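**Student:** Each residue of the sequence shown is one higher than the one before, counting from 11 in this note's numbering.
Be careful, since some hints might not be right.
[What the hints assert, rightly or not] Taking CB as the label site, the calculated pair distances span:
| hint | residue 1 | residue 2 | range |
| --- | --- | --- | --- |
| 1 | Thr82 | Asp26 | 25 to 31 Å |
| 2 | Thr82 | Pro61 | 30 to 36 Å |
| 3 | Val25 | Thr82 | 28 to 34 Å |
| 4 | Lys72 | Asp26 | 17 to 23 Å |
| 5 | Asn29 | Ser80 | 17 to 23 Å |
| 6 | Asp26 | Asn78 | 19 to 25 Å |
Since the hints were derived computationally from the structure, they do not count as laboratory data. These numbers were taken from a predicted model, which means no experiment stands behind them. Every residue, glycine too, gets a C-beta built ideally from N, C-alpha and C.
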Amino acid sequence: MSKRPMKRFNLSIGVDLFNRLEAESDRTGLAKSGVVIAALDQYFSVRDAQPVMKQLQEVLEKAEQLNNSSTTKQS
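Can you make the complete structure from the sequences, with help from the hints?
**Tutor:** Structure, rendered in structure tokens:
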């Protein structure tokens with residue numbers, strides 16, 4: 011059984027991701043701490059971050075769409 015080497019992550023990416031998730035959760039009224047903690051936990055505990063990064067990008071895009079649609083409805 012061969013082990014894949016752990017990939018090294020750039021911490022500035024994690025900080026940027028945290029800041030973006032925090033901003034999105036503030037704007038959309040999501041449970042900020044739960045979203046941020048779950049996302050960062052997944053991000054730093056997986057061997058290959060690509061699938062997680064893709065999922066997080068989709069979450070951010072969906073949150074932005076929901077935020078935009080709720081802003082449009084309020085006008």
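**Student:** All hints are to be evaluated individually against the structure, with a verdict given for each.
**Tutor:** Comparing the hints with the structure gives:
{"no.": "1", "hint": "Thr82 with Asp26: 25 to 31 Å", "in the structure": "28 Å, holds"}
{"no.": "2", "hint": "Thr82 with Pro61: 30 to 36 Å", "in the structure": "32 Å, holds"}
{"no.": "3", "hint": "Val25 with Thr82: 28 to 34 Å", "in the structure": "31 Å, holds"}
{"no.": "4", "hint": "Lys72 with Asp26: 17 to 23 Å", "in the structure": "19 Å, holds"}
{"no.": "5", "hint": "Asn29 with Ser80: 17 to 23 Å", "in the structure": "22 Å, holds"}
{"no.": "6", "hint": "Asp26 with Asn78: 19 to 25 Å", "in the structure": "22 Å, holds"}
Violation of the numbered hints given earlier is absent; every hint is satisfied by the structure.
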